[in-house]
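With the hints as constraints, model all of the structure from the sequences given.
Each chain, written out:
Number of protein chains: 2
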Amino acid sequence: MKCKVCKGEAFIKFPAHNAAFCEEHFDAFFIRQVEKAIRRYGMLSPGAGVMVAVSGGKDSLVVADVLSLLGYAVRGLHIDLGIDDNGFSAQSREVSASFFSRRGLPLQVLDLRETFGMSVVEAGRRFPRFCSLCGMTKRYLMNRTAAEAGVEALVTGHNLDDLASALLANVLRWDLRYLAKTLPVLPGENGFARKVKPLALLSEREIAAYAGVHAIQVVTARCPYSTEAKFLRFKRVLNDIEDQSPGTKRRFYEGYVDAAHLFQTSGGVQGGALRPCTVCGMPTSAEVCSFCKTWRGRR
Amino acid sequence: MKCKVCKGEAFIKFPAHNAAFCEEHFDAFFIRQVEKAIRRYGMLSPGAGVMVAVSGGKDSLVVADVLSLLGYAVRGLHIDLGIDDNGFSAQSREVSASFFSRRGLPLQVLDLRETFGMSVVEAGRRFPRFCSLCGMTKRYLMNRTAAEAGVEALVTGHNLDDLASALLANVLRWDLRYLAKTLPVLPGENGFARKVKPLALLSEREIAAYAGVHAIQVVTARCPYSTEAKFLRFKRVLNDIEDQSPGTKRRFYEGYVDAAHLFQTSGGVQGGALRPCTVCGMPTSAEVCSFCKTWRGRR
Numbered sequence: 031m032k033c034k035v036c037k038g039e040a041f042i043k044f045p046a047h048n049a050a051f052c053e054e055h056f057d058a059f060f061i062r063q064v065e066k067a068i069r070r071y072g073m074l075s076p077g078a079g080v081m082v083a084v085s086g087g088k089d090s091l092v093v094a095d096v097l098s099l100l101g102y103a104v105r106g107l108h109i110d111l112g113i114d115d116n117g118f119s120a121q122s123r124e125v126s127a128s129f130f131s132r133r134g135l136p137l138q139v140l141d142l143r144e145t146f147g148m149s150v151v152e153a154g155r156r157f158p159r160f161c162s163l164c165g166m167t168k169r170y171l172m173n174r175t176a177a178e179a180g181v182e183a184l185v186t187g188h189n190l191d192d193l194a195s196a197l198l199a200n201v202l203r204w205d206l207r208y209l210a211k212t213l214p215v216l217p218g219e220n221g222f223a224r225k226v227k228p229l230a231l232l233s234e235r236e237i238a239a240y241a242g243v244h245a246i247q248v249v250t251a252r253c254p255y256s257t258e259a260k261f262l263r264f265k266r267v268l269n270d271i272e273d274q275s276p277g278t279k280r281r282f283y284e285g286y287v288d289a290a291h292l293f294q295t296s297g298g299v300q301g302g303a304l305r306p307c308t309v310c311g312m313p314t315s316a317e318v319c320s321f322c323k324t325w326r327g328r329r
Numbered sequence: 031m032k033c034k035v036c037k038g039e040a041f042i043k044f045p046a047h048n049a050a051f052c053e054e055h056f057d058a059f060f061i062r063q064v065e066k067a068i069r070r071y072g073m074l075s076p077g078a079g080v081m082v083a084v085s086g087g088k089d090s091l092v093v094a095d096v097l098s099l100l101g102y103a104v105r106g107l108h109i110d111l112g113i114d115d116n117g118f119s120a121q122s123r124e125v126s127a128s129f130f131s132r133r134g135l136p137l138q139v140l141d142l143r144e145t146f147g148m149s150v151v152e153a154g155r156r157f158p159r160f161c162s163l164c165g166m167t168k169r170y171l172m173n174r175t176a177a178e179a180g181v182e183a184l185v186t187g188h189n190l191d192d193l194a195s196a197l198l199a200n201v202l203r204w205d206l207r208y209l210a211k212t213l214p215v216l217p218g219e220n221g222f223a224r225k226v227k228p229l230a231l232l233s234e235r236e237i238a239a240y241a242g243v244h245a246i247q248v249v250t251a252r253c254p255y256s257t258e259a260k261f262l263r264f265k266r267v268l269n270d271i272e273d274q275s276p277g278t279k280r281r282f283y284e285g286y287v288d289a290a291h292l293f294q295t296s297g298g299v300q301g302g303a304l305r306p307c308t309v310c311g312m313p314t315s316a317e318v319c320s321f322c323k324t325w326r327g328r329r
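Going down the list, the sequences are from chains A and B. Just so we're aligned: the first sequence equals residues 31 to 329 in our numbering. Just so we're aligned: the second sequence equals residues 31 to 329 in our numbering.
Any given hint might turn out to be false.
Computed list of chain A residues with no C-beta within reach of chain B, every gap over 10 Å [what the hints assert, rightly or not]: (1) G77; (2) V139; (3) C310.
Ranges of calculated distance between the beta carbons of each label pair, as one might list FRET restraints [stated by the list, open to error]: (4) A:P45 <-> B:G147: 37 to 47 Å; (5) B:C161 <-> A:R133: 54 to 64 Å; (6) B:R156 <-> A:K43: 31 to 41 Å; (7) A:S256 <-> B:A245: 48 to 58 Å.
Quick partial rundown of chain A residues pointing at chain B, CB under 7 Å, derived from the structure [unchecked claim]: (8) F44; (9) V201; (10) L202; (11) T278; (12) F282; (13) G285; (14) Y286; (15) V287; (16) A289; (17) L292.
I should point out that these hints are in silico values taken from the structure, not numbers from a laboratory. By construction, the Cβ of each residue, glycine as well, lies at the ideal position given by its N, Cα and C atoms.
Rendered as structure tokens:
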């Protein structure tokens, strides 16, 4: 197996791109794919200031790495959820902090216990749907912190597998509201931060390879509460199809982005009829938003 | 396992409907599902005259059986393709003729060799994509014969698995033209016959069970040229998802029908800018239609 560029020994093969690469030219290929997504979907202006949501997983660290390399002014936001059971939160925070400090990039850490007096586990105890409470909490804090920081966009590490599997789930239900939102760029509107996903066209395997080549150390502990088998199932389904028809996953997502205007309603992408929360002022469909109900004990 | 209706011994279980049935009540359930699809999608007026496209497979014979039972004036159209290799065409014709004659229903047989001087195998020899030529031929003849017969609709036996797997294939490519056409009813327009699919909400397994209960004899030979592994693959994928979340397949298809107006373009569903073929007058995008090029030697 030879590198497509230099004909040297390849270390990785991508059937979807009908190509194999050595480490050096894989790196160039990977960065080009990120640049392509940024340009094609009008994600960022050159050198823009961005806030990267950092979990400590490969996706968020790789996207921070590449954006910094491409000259964007990267700052990170890490939310310490306070999940102690298997050291998940401590390791996530440690890995994130060490990555950012080694690159001399600023990282803001928001500790739920310090700030709100309880961990996500304690807050979740009263709720049956723990993961959705955790997701809501992270979304709220990322939105608000990005808005306060005045950056051009909030960057997340969502990759092609995340987006394509979410898309498949949404399409199987024809959930039009979500079908309008599985986009690589969401405009800043209705009080929500502008959101961009520079890894939208790159698969988990490609991102893992990039992390490997650059010896990026990522969190190895898994969240002990993670039971999210549903998207995993759709990822598996898409990987099966991909094995037989390389490129399907990417065509599926790219084709969706081209067609997504069909699903757009008049209310905008990030929220229909919303009003400011009477406690915090962030957009909500209720009088008091879910975040304030949960974390500030307001009903 | 008990019948949902009479609590007698059930012979079949449907997780998607959270129900099991004895033979008698399965039969009632099956017929109700066909009536429901006809009513919900406005397929047919009471007692309407219909032409059923009959291959001799379970789907086409079952749909003819149920429609006749429901009081529609059923007539069949069988196309003898002239595929001799394993007796496929002879058996298909024999099974179809015997089913219709036993029920006292009229069946029109259109023999390609008799009418056009060659079988689909001979016509296909010059073409690389044999299956698509065969499909085009059948569609053309069904359209024309139904129009000549003056029936309210051309009925095909497409089932939920056919439609959901085609839909998944179309959605993975975001093929908007096909996404507008995977509907249970296509209006008669631009010279095309009105087409309805009364088995749209019933799965292959349910149809096979109905054929079994009624001892309907179906073709056992498979077309020796059938290599259509692609849709089979999507059927398998959907069945895997269905096993884990019963009802997904049906929700996927029903949700699509509700959303399909989003994919409709101004050209109508069955064809955009078409004109009459200069040889036969049927709608085509070229000067001479593919059918006349193939079967009437016109270029």
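Handout entry: Hint check: 7 Å Cβ-Cβ cutoff, V201 (chain A) to chain B
Key = Hint on V201 (chain A): holds, closest Cβ of chain B at ~5 Å, below 7 Å.
Problem - Non-interface label on V139 (chain A), tested against every C-beta of chain B at 10 Å - result: holds (38 Å)
Exercise for the section: Let me know if the C-beta of L202 (chain A) comes in closer than 7 Å to any C-beta of chain B, holds or violated. Expected result: With a closest approach of 5 Å, the L202 (chain A) hint holds.
Handout entry: Status of the L292 (chain A) interface restraint (C-beta, 7 Å, chain B)
Key = Holds - the Cβ of L292 (chain A) comes within 7 Å of chain B, reaching about 5 Å at its closest.
Handout entry: 10 Å cut-off, C-beta based - G77 (chain A) kept clear of every residue in chain B
Key = About 34 Å separates G77 (chain A) from the closest Cβ of chain B, which puts it past 10 Å; holds.
Problem - Interface hint for V287 (chain A), Cβ within 7 Å of any Cβ on chain B - result: This interface hint is violated because 9 Å lies over the 7 Å limit.
Problem - C-beta pair C161 (chain B), R133 (chain A): status relative to the range 54 to 64 Å that was hinted - result: holds (56 Å)
Handout entry: Distance rule for C310 (chain A), whose beta carbon must clear each one in chain B by more than 10 Å
Key = Fine: 35 Å to the nearest Cβ keeps C310 (chain A) off the interface.
Practice task
Check the following: the C-beta atoms of S256 (chain A) and A245 (chain B) are separated by a distance inside 48 to 58 Å.
Solution key: 51 Å Cβ-Cβ, so the 48 to 58 Å window holds.
Problem - Agreement of hint F44 (chain A) with chain B interface, Cβ distance less than 7 Å - result: violated (19 Å)
Handout entry: C-beta pair P45 (chain A), G147 (chain B): status relative to the range 37 to 47 Å that was hinted
Key = holds (46 Å)
Exercise for the section: Look at the Cβ atoms of R156 (chain B) and K43 (chain A) and judge whether their distance stays inside 31 to 41 Å. Expected result: holds (38 Å)
The earlier numbered hints that this structure contradicts are 8, 15.
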